[in-house]
Amino acid sequence: MIGFGPISKLAKSGVLGMNSRNLDFIAAYNPRRFYPLVDDKVITKKLAIEAGVTVPELYGVIRYGGEMHLLEKIAEKHRSFVVKPANGSGGGGIMVFNGVAKTGLRRMNGQIMLWSDIRYHLNNMLSGMFSMGDGSDQVMIEERLVPHSAFSKLAFGGVPDVRVIVFRGIPVMAMLRLPTAESDGKANLHQGGIGAGIDLVTGVTTRGVQHNDSVDVHPDFETPVRDFQVPSWDEILELASRLGHHIGLGYVGVDIVICEHKGPTLLELNARPGIAIQTANLRGLRPLLVPIHKLPSVSEDVHERIEIAHANWNGESLERFLAPGEEMRRH
Amino acid sequence: MKRTQLLIIVGALIAAALGIFSYKVTRLGFPVVPNLDSDTWTIEAKVSFRGRGDPVTLRLALPNSEGQFTVVDETFVASGFGVETDTTETGRQAVFERRAQDGSAVLFYSAKLIAVDQRYSNDARPTPEAISDYRRSERRRAIQENATPLLVALDSILTEALEKSAGERSFITQLARLSADESDDRISTIIEGGPPEISNASDRLVFLLNAAGTPARHVQGIILDTDTRQAPLTTWVEYWLGETWVSANGTTAEPLNDARTLPIVYDRQPIVDGDGFNRVGVSWSVARNFESQLSRAMERGSEFAPWVNATSLLSLPIDLQLVFRVLLLIPLGALIIVILKQVIGMPAFGTFMPVLIALAFRETQLFTGIMLFTGIVAVGLLLRAYFNQLQLLLVPRLAAVLIIVTFVMMFIALAGEAMGIQTGLSISLFPLVIITMTIERMSLTWEEDGAKEALKKALGSLAGAIPAYYILTSEYIEHFAIVFPELLLIVLAAVLMLGRYTGYKVTEYFRFKVLANASDKTS
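Each protein sequence line maps, in turn, to chains A and B.
According to our numbering, the stretch in the first sequence is residues 1 to 331, in order.
According to our numbering, the stretch in the second sequence is residues 1 to 523, in order.
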């Protein structure tokens, strides 16, 4: 490709651009009809259970304003829970409560949110303010996941999660997302969370970024964000691979929370995972995606897929994973 | 496979566009560059009224060929009406008649005006006579018989103007200056005691000029300035100076550009009269015609290639032509958006917002447009923040902001009018709903991703609107679009090609700079 210096340098580093992600991977591998499976978190949950993956328990669904009283009942029973729009995107609208007071519900930061404010927020969710597309949405009430104790000095006021990009059922790249005071307990990078690149084979973090800038320590705890061993790493990869294979979407982002009690648990799936993960790992996605794209078929066995993932991450040729008589695809 | 298909389509589109274009240019001689000094115009009058079920006679005043323009190619569209033109002492008229008309009806008149050089017209016209009851000889006699305050005031003003002037032209200027000054006692005497039809400065000027023996008259007509669908009816005066009528401003008596004034009626004759109808309204539209080179090309086209004319937008009524002059620029705007989004990666609210903003700016001019846009959005954001505290549901809240934005616009229009700034007409075309959606999306982004992100996107939207504005206002591009609409197929081809663009966006270079530099070190 002819280009100026900076652009060809970018190409050499293997960075996957937004246009290429959309056309070469999402349009080519993610049939539109499967989108509702991941966009609607109620359906995703059913599929995940089918695939044998751990999910947070669903306490209830509010479909319209008249069902608002469900929330009070659930609050009485479980006291600690999460409220989120079923079709939400980018973590918008999610509220976490861990206690009930007379006037309202207690949020993670200890503040009491008044019942009237809660009802207003739920109404906004139901009218689709935080959702993809337009029109209405449903509100899910589910179990609050308690993050693994290893994260006590790494996550500020929220739940950290691991994002794994899975391509044709094979994990390709992963990062750990850590909430900060600035991100208001949310693990989203564009809201000021920290993204830490993970060595896909060992599960050890390699570097951290916040707002596209390299960071070595968590700003709120001063604890190092690199060289951290993510707990239950092999299970995480297996969960991601299983689900990515089962869901029918070739190119998908799997968000996993490592729960203190339940281990790796599926948070949500994303049919259009962002490309910021490349900065967190200081590695372009394209050289990792192309060899897998060239594979004519992918194994049904999750362990073999993880083996491919390891070899791919280490830059080894995938020839040895070809079934007898198969050849690599040209394009 | 997809690639080859696309390339075939793109190739076909470009070939078709260039083929038609070059045929029109080389064989038919369509002009590639607009001639901006063209001096032919098309005017169109649209008369709408309601009949009462009685016989209708409607007389519409028409421009005549006596002035700077020759009227050719007159056409009337008036289904069900009998039409004839009629020249009376007061001017030319079209008379529309119908036995019975019930309900509303619309009549159209259109004509082409060709500027004629008066120097070569040799039929000398008779000098008109100043019509006044107060001419010098009568005035003198009347003063001697009975010195009314009106006559004295009149005489004093005329004498003062005469004393202060060196020739006829400066006499007229002096007279205009005197007559415009309403604090002058003599002028207020004329206002109180003069003929009842004198109501403003230009009436007084005509009255005074005639009294001084200079023939003068009132004109209602149209200033041919820019292409517009709503040409206002303007009033000015004409006075006889050196063997010809001179058009001049009613208050200052400064001469107007004759090539741009089209008189329709004189001396307060009505534009429309008659009986059997009510609620009559007349609107005029004006368009500068494409130059004769183009009409020759069209003539040649009708001989050799009738399909060219049949598919040419120039054969549409000018009302529609003016609409298409804007509409045909939208594909270009869309192309700009595609480039901004796919190739540059500019953040913006919504996909086509920048183009819609640019279209609104076309009416307001760039600077006022940006001020209005930021002002209205800022007010809207404040209100939205307040409504959020009131805990309203999403759709009613949007509706409330929409209503408030309407009021803000009304207020700006009124304030602008009071301060004499022309904004009123233009902001009415400002896309209300778009602004409201911008406010809503901006405040959501503001809440979720912070002020920085919201401002970045707002700036992105505005920054996208600016290049779009320059493209949408270029006279050359407008000429190309309306004379050679087939070239828009190339725009389509470009957009299709960009639809398969998988390269980087410019902003991604900055985003992934670290990676690019890292690969530099390793290699």
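Treat the hints as calculated values from the structure; they're not laboratory data.
Glycine residues also receive a C-beta, built at the ideal position from the N, C-alpha and C atoms.
Treat the hints with caution; some may be incorrect.
[Said to hold, decoys possible] Pairs of lysine-lysine residues, derived as DSS-like cross-links and limited to a Cα-Cα distance of at most 27 angstroms, are as follows:
#1 B:Lys-341 <-> A:Lys-294
#2 B:Lys-341 <-> B:Lys-513
#3 A:Lys-294 <-> B:Lys-2
#4 A:Lys-12 <-> B:Lys-112
#5 B:Lys-164 <-> A:Lys-12
#6 A:Lys-45 <-> A:Lys-73
[What the hints assert, rightly or not] A partial selection of chain B residues facing chain A, derived with a Cβ cut-off under 7 angstroms:
#7 Trp-284
#8 Gly-375
#9 Phe-387
#10 Gln-391
#11 Leu-393
#12 Leu-455
#13 Thr-502
#14 Tyr-504
#15 Glu-508
#16 Phe-512
#17 Leu-515
#18 Ala-518
(Q) Under 7 angstroms is the threshold here; is the Cβ of B:Phe-387 close enough to any Cβ of chain A for the hint to stand? (A) 12 angstroms, violated
Q. Quick one, is the B:Leu-515 hint okay against chain A at 7 angstroms, beta carbons?
A. Holds: closest Cβ of chain A sits about 5 angstroms from B:Leu-515, inside 7 angstroms.
Q: For the hint on B:Gln-391, just tell me whether its beta-carbon gets within less than 7 angstroms of chain A.
A: 4 angstroms, holds
**Q.** Restraint satisfaction for B:Leu-455 [CB to CB of chain A, less than 7 angstroms]
**A.** 15 angstroms, violated
(Q) Given B:Leu-393 as an interface hint, is its Cβ closer than 7 angstroms to any Cβ of chain A? (A) 6 angstroms, holds
Q. Is B:Lys-164 within 27 angstroms of A:Lys-12, Cα to Cα?
A. Violated, at roughly 85 angstroms.
Q | Minimum beta-carbon distance criterion (7 angstroms), B:Glu-508 to chain A | A | 5 angstroms, holds
Q | B:Gly-375 as an interface hint toward chain A, with CB separation required under 7 angstroms | A | 26 angstroms, violated
Q.
Under 7 angstroms is the threshold here; is the Cβ of B:Tyr-504 close enough to any Cβ of chain A for the hint to stand?
A. 4 angstroms, holds
Q | Restraint check for A:Lys-12 with B:Lys-112, where alpha carbons must lie at most 27 angstroms apart | A | 64 angstroms, violated
Q) Does B:Thr-502 pass the interface check with chain A, least Cβ-Cβ distance below 7 angstroms? A) 4 angstroms, holds
Q | Proposed interface contact between B:Ala-518 and chain A, which counts if any beta carbon pair is under 7 angstroms | A | With a minimum Cβ separation of about 6 angstroms from chain A (threshold 7 angstroms), the hint on B:Ala-518 holds.
In this structure, the hints that do not hold are numbers 1, 4, 5, 7, 8, 9, 12, in rising order.
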